[in-house]
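Student: Listed below, chain by chain, are the residues.
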Amino acid sequence: MTATDTHRTIDAVWRIESARLIAGLARIVRDVGLAEDLAQEALVAALEQWPKSGVPDKPGAWLMATAKHRAIDLLRRNKLVERKHEELAYMIGGEHGGAALDLDTALDDNIGDDLLRLVFTTCHPVLATGARVALTLRLLGGLTTDEIARAFLVSEPTVAQRIVRAKRALAEKQVPFEVPRKDELPARLSSVLEVIYLIFNEGYTATAGDDWMRPSLCEEALRLGRILAELMPLEAEVHGLVALMEIQGSRSRARVGPSGEPILLLDQNRALWDQLLIHRGLAALERADTLGGVRGPYALQAAIAACHARALAPAETDWVHIAALYAELAQLGPSPVVELNRAVAVAMAFGPQVGLELVDVLTSQPTLDGYHLLPSVRGDFLAKLGRLTEARQEFERAASLTRNARERALLIERARACTNEM
Amino acid sequence: MRFLMMYRPDQKEGTPPSPEYVAEMGKHCEEAAKAGVLLMSEGLQPTAKGARVRLKGEKFMVTDGPFTEAKDVIAGIAMIQAKSKQEAIELAKNFIKVGGEGETEVRQLYEPSDFGS
Numbered sequence: 001m002t003a004t005d006t007h008r009t010i011d012a013v014w015r016i017e018s019a020r021l022i023a024g025l026a027r028i029v030r031d032v033g034l035a036e037d038l039a040q041e042a043l044v045a046a047l048e049q050w051p052k053s054g055v056p057d058k059p060g061a062w063l064m065a066t067a068k069h070r071a072i073d074l075l076r077r078n079k080l081v082e083r084k085h086e087e088l089a090y091m092i093g094g095e096h097g098g099a100a101l102d103l104d105t106a107l108d109d110n111i112g113d114d115l116l117r118l119v120f121t122t123c124h125p126v127l128a129t130g131a132r133v134a135l136t137l138r139l140l141g142g143l144t145t146d147e148i149a150r151a152f153l154v155s156e157p158t159v160a161q162r163i164v165r166a167k168r169a170l171a172e173k174q175v176p177f178e179v180p181r182k183d184e185l186p187a188r189l190s191s192v193l194e195v196i197y198l199i200f201n202e203g204y205t206a207t208a209g210d211d212w213m214r215p216s217l218c219e220e221a222l223r224l225g226r227i228l229a230e231l232m233p234l235e236a237e238v239h240g241l242v243a244l245m246e247i248q249g250s251r252s253r254a255r256v257g258p259s260g261e262p263i264l265l266l267d268q269n270r271a272l273w274d275q276l277l278i279h280r281g282l283a284a285l286e287r288a289d290t291l292g293g294v295r296g297p298y299a300l301q302a303a304i305a306a307c308h309a310r311a312l313a314p315a316e317t318d319w320v321h322i323a324a325l326y327a328e329l330a331q332l333g334p335s336p337v338v339e340l341n342r343a344v345a346v347a348m349a350f351g352p353q354v355g356l357e358l359v360d361v362l363t364s365q366p367t368l369d370g371y372h373l374l375p376s377v378r379g380d381f382l383a384k385l386g387r388l389t390e391a392r393q394e395f396e397r398a399a400s401l402t403r404n405a406r407e408r409a410l411l412i413e414r415a416r417a418c419t420n421e422m
Numbered sequence: 001m002r003f004l005m006m007y008r009p010d011q012k013e014g015t016p017p018s019p020e021y022v023a024e025m026g027k028h029c030e031e032a033a034k035a036g037v038l039l040m041s042e043g044l045q046p047t048a049k050g051a052r053v054r055l056k057g058e059k060f061m062v063t064d065g066p067f068t069e070a071k072d073v074i075a076g077i078a079m080i081q082a083k084s085k086q087e088a089i090e091l092a093k094n095f096i097k098v099g100g101e102g103e104t105e106v107r108q109l110y111e112p113s114d115f116g117s
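Here the protein sequences come in this chain order: E and C.
Each residue of the first sequence is one higher than the one before, counting from 1 in the numbering used here.
Each residue of the second sequence is one higher than the one before, counting from 1 in the numbering used here.
It is possible that part of the hints are untrue.
Unchecked claim - In silico DSSO-like pairs for lysine-lysine, Cα to Cα no more than 27 angstroms straight-line:
| hint | chain 1 | residue 1 | chain 2 | residue 2 |
| --- | --- | --- | --- | --- |
| 1 | C | Lys-85 | E | Lys-52 |
| 2 | E | Lys-182 | C | Lys-34 |
| 3 | C | Lys-85 | C | Lys-27 |
Simulated from the structure, these hints should not be mistaken for lab results.
Could you build the full structure based on these sequences and the hints that come with them?
Tutor: And the structure:
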């Protein structure tokens, strides 16, 4: 194997092993920053030794054992044998005889728990959202600072700073390296899911011509979500989020036209929808539903996406079901946007007049002022009802409210179409 | 990126997989699923149950299995998600360790961006 081959192998091994390595070390040293430093030192050792000695049979275990040796050296040098380092202190005692660490047990059985501890730490609410995203992608995703910067269209120093500050904040606030208690779990889990979905959406909104790191964020978010679903199989909303991401991800081939223009769901060529991802999404949704209980927002959004995924053609869409799901979603928390979507589904199911009545209630709400989709939807209903003058006015209003050039063009076109028909 | 893995064991087909093998492969697939990168994995039934369909010009030629003389019998397939070919190779190594001596071919799938205008 050439030196370059070995380096590429080490990169790949690092991608596969680094999260578990950092998680296991963090449990021992109780500090994610220190854990990452120790892991990086092990990586440096691998880069030095493996080209000569060959890649070990169990690379993860080698890295863990090496990192633990480094940790012991560090503690000896700093004479920091505090209570929280008791596991290492025990190992120091054992090391006096010069016995080597057993490689097979170097990667502990608690690795699942450690990964959970790590994700709850990187997504801790004490950190700002941007910091949570960067730290999660760094420590759990194994992404480099440069990759994170390119993915989020910010500079590398910005990301580096975010990560440094995040680690410092966790240390200063003495955030414990643990899975939250039962009573804290819903809120803390919500924070984790929010971070993962944020990463997904950043990738989902990437446009053609963007750095390829951007759409790869969808795969990264899906990977993190799937890992979390295996670590917390009894949490319905985790499966719900995975289901939502798998199904949304299934449309990536159909979402963008030849000149990079976005194609609306109902206009997409469904033959391009990825059936493997749909299958996985529906399976994840079933896992969520089997767990029972009231469906949370991710499971409900996933169920709506599933309705579309099951329809071979737009005409086969079960709009009645979708409308009911939006109603359930509205129950979870008042949201004019959800109500607007519900109105669209209701109109598809029961006709534009019913939809218009729902939308007219929303028109009086201040929160939707300036939201271009409201007049756009209202215009659509009016056009279907043959009230073309009013429809045109609504489309023109919507066009004036949107900042997206393509959307504006589409809305102006719809307004013009009303005139042509009159 | 997604990669298809096609595993061709050195051992000629004929002996059905042992329960231990099935259990070990199942366990490995579980581990890969826990890593969030395994999209699907399936074992393929013996070639005796299969067929080969060949097109030459406009004529079809169908040959029923078994193809026990063939050296290219695929025993199992898996689809994984990876950031690089090297990562896919590492994942293939993990699979083949369980599968036993043989060869796993790793092929990247076309993605939407590959068909860019």
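Student: Take the hints in turn and mark each one as holding or not.
Tutor: Structure-based check of each hint:
Note on Lys-85(C) and Lys-52(E): the hinted pairing holds, with a Cα-Cα distance of about 23 angstroms set against a maximum of 27 angstroms. As the CA atoms of Lys-182(E) and Lys-34(C) are separated by approximately 23 angstroms, the hinted pair is consistent with the 27 angstroms bound. Taking the CA atoms of Lys-85(C) and Lys-27(C), the gap is about 24 angstroms. The hint holds against a cut of 27 angstroms.
Checked against the numbered hints given earlier, this structure breaks none of them.
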